[in-house]
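Residues in the sequence shown are numbered consecutively from 0, following numbering that gives the first Met the number 0.
Keep in mind the hints are simulated off the structure, nothing from the lab.
Glycine included, each C-beta is placed from N, C-alpha and C at the ideal position.
Do not rely on the hints blindly, as some may be mistaken.
Now the in silico label distances, taken between C-beta atoms and shown as ranges [unchecked claim]:
{"#": "1", "residue 1": "GLU446", "residue 2": "GLN149", "range": "22 to 30 angstroms"}
{"#": "2", "residue 1": "GLU377", "residue 2": "ALA176", "range": "22 to 30 angstroms"}
{"#": "3", "residue 1": "GLU442", "residue 2": "GLN156", "range": "44 to 52 angstroms"}
{"#": "4", "residue 1": "GLU155", "residue 2": "PRO133", "range": "21 to 29 angstroms"}
{"#": "5", "residue 1": "TYR240", "residue 2": "ASP52", "range": "52 to 60 angstroms"}
{"#": "6", "residue 1": "GLY314", "residue 2": "ALA176", "range": "44 to 52 angstroms"}
{"#": "7", "residue 1": "GLY263", "residue 2": "ASP175", "range": "37 to 45 angstroms"}
{"#": "8", "residue 1": "GLU392", "residue 2": "ALA51", "range": "41 to 49 angstroms"}
{"#": "9", "residue 1": "HIS150", "residue 2": "GLU408", "range": "17 to 25 angstroms"}
{"#": "10", "residue 1": "ALA262", "residue 2": "ASP175", "range": "21 to 29 angstroms"}
{"#": "11", "residue 1": "GLU408", "residue 2": "GLU153", "range": "22 to 30 angstroms"}
{"#": "12", "residue 1": "ASP286", "residue 2": "ASP219", "range": "28 to 36 angstroms"}
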Amino acid sequence: MSVELPFAPVDTIIRRNAGGLRVSADAAEALARRIQNRGAALAVEAAQQATADGRKTLMAGDFEGDGRTEALELPIAPVDRIARLDIDDRYRVSMDARRRRRGRRGVLRTRTALRMRFAYRDVCLDHDTGSRHPERPDRLRAIRRALSRQHGVEYEQPDAAAPETVAAVHDSEYVDAVREFCADGGGSWDADTVAVEATWDAALASAGMAAWAAERALADPGADSDTPFSLGRPPGHHAEYDDAMGFCFFNNAAVAAQAALEAGADRVAVLDWDVHHGNGTQDVFYDRGDVFYGSVHEQGLFPGTGGIGETGADGTAGEGATMNVPYPSGCGDAEYAYAFETAFGPAFERVDPDLLLVSAGFDAHERDPISRMRVSTEGFGLLTQRCRDLAGELDAGLGFVLEGGYGLECLAESVAMVQEVFMGRQPVEPDADPNEDAVEVVEEALEAAE
């Protein structure tokens with residue numbers, strides 16, 4: 000039995016969303032004796048009782064009467080990677096000789112962030128697709144308005160990506176073609192994907208912000224108040240190695256994953272919850288084993304890819320490094336949570352990435368005009384919490400890159416909900432089981448991955 004204690008001063012050890020460092024009950028008791036802090040001892044006692052009752056989580060009610068524990072949620076988890084514990088002069092729990100399977104050393108940190116840090120640049124508004132186009136500048140304006148009502152929102156303006164950076168995941172001749180297309184005034188690349196002269200700068204800015212998110216998350220995994228979210232457009236996950244499509248010119252998530260690898264990551268996991276399959280991200284990494292791509296999307300929607308059998312190129316390092324969960328229309332919070340817990344969680348544990356990068360599209364929302372899924376605003380908060388928990392368990396960096404979402408109100412609400420989760424909001428769990436069709440899809444995806 001064990002108690003999860005935060006990487007924090009012991010007198011604030013039992014607060015809402017505490018977690019991240021797995022500490023055995025014996026170690027926690029020793030810590031309580033060393034610091035003579037009754038709160039830590041209470042945590043141990045309550046954890047022991049919860050374990051005896053068969054429960055996995057401590058709640059505030061377990062600590063009634065103690066003023067420091069009114070908002071407590073303290074998970075209980077197995078001890079599997081602890082070397083030993085020390086206590087420094089500031090009474091912080093730290094680790095000496097925590098080793099990952101790849102032989103790397105480091106300090107295991109918590110995921111107690113109180114806010115996110117957003118990347119945004121006005122140049123992304125200059126990609127003018129027209130007032131009636133679904134992917135229009137008003138998307139970013141709506142998000143910014145919603146975030147302006149949130150506490151603790153901070154923005155950064157990272158540098159634009161260099162064309163050479165984009166060419167690390169795209170054909171260089173294609174990159175040149177996009178530059179020339181925009182320089183000539185743009186127009187319709189295809190029926191859906193349009194550009195103006197400013198699209199070139201906007202696309203490079205969007206790619207640069209995504210790379211910033213990956214590098215920042217990788218450099219300081221689990222740091223307080225430091226989870227990055229890139230708010231760029233045009234979006235990217237449909238952009239293939241040598242072609243633009245689906246409103247996308249450069250694949251921002253792919254640029255970000257490659258930037259993380261070049262910054263020292265051994266492996267990156269990309270989790271795409273946009274309602275459309277990210278054919279471009281899959282295409283870029285389909286024969287590579289250093290980036291795992293997982294997507295949950297609505298079956299039958301554009302672009303028509305993302306079948307269960309698409310698991311990576313046979314006979315290459317990428318074989319088995321792709322997982323697709325193509326859900327039937329009508330799936331909502333329960334089904335998406337089920338995919339995260341049953342399919343992607345175990346898959347990412349096997350991959351053991353240094354970075355979990357979320358391709359965060361919000362067009363699976365129940366009010367989005369171009370999909371038939373039923374994910375609620377609260378549901379996106381739930382998915383955010385699942386990603387946060389998973390990154391914490393993996394000791395991986397966590398970053399978000401904006402993809403789709405075309406109902407302005409529900410898009411803005413959903414991005415704000417992601418921020419609220421990092422401020423401490425507890426998402427509501429689904430009150431229904433996943434439907435049978437969704438369960439069958441997940442089972443088939445797991446079989447395909449074997």
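Verification of the supplied hints:
no.: 1; hint: GLU446 x GLN149: 22 to 30 angstroms; in the structure: violated, 42 angstroms
no.: 2; hint: GLU377 x ALA176: 22 to 30 angstroms; in the structure: violated, 43 angstroms
no.: 3; hint: GLU442 x GLN156: 44 to 52 angstroms; in the structure: holds, 45 angstroms
no.: 4; hint: GLU155 x PRO133: 21 to 29 angstroms; in the structure: holds, 27 angstroms
no.: 5; hint: TYR240 x ASP52: 52 to 60 angstroms; in the structure: holds, 53 angstroms
no.: 6; hint: GLY314 x ALA176: 44 to 52 angstroms; in the structure: violated, 31 angstroms
no.: 7; hint: GLY263 x ASP175: 37 to 45 angstroms; in the structure: violated, 30 angstroms
no.: 8; hint: GLU392 x ALA51: 41 to 49 angstroms; in the structure: violated, 24 angstroms
no.: 9; hint: HIS150 x GLU408: 17 to 25 angstroms; in the structure: holds, 21 angstroms
no.: 10; hint: ALA262 x ASP175: 21 to 29 angstroms; in the structure: holds, 26 angstroms
no.: 11; hint: GLU408 x GLU153: 22 to 30 angstroms; in the structure: holds, 24 angstroms
no.: 12; hint: ASP286 x ASP219: 28 to 36 angstroms; in the structure: holds, 31 angstroms
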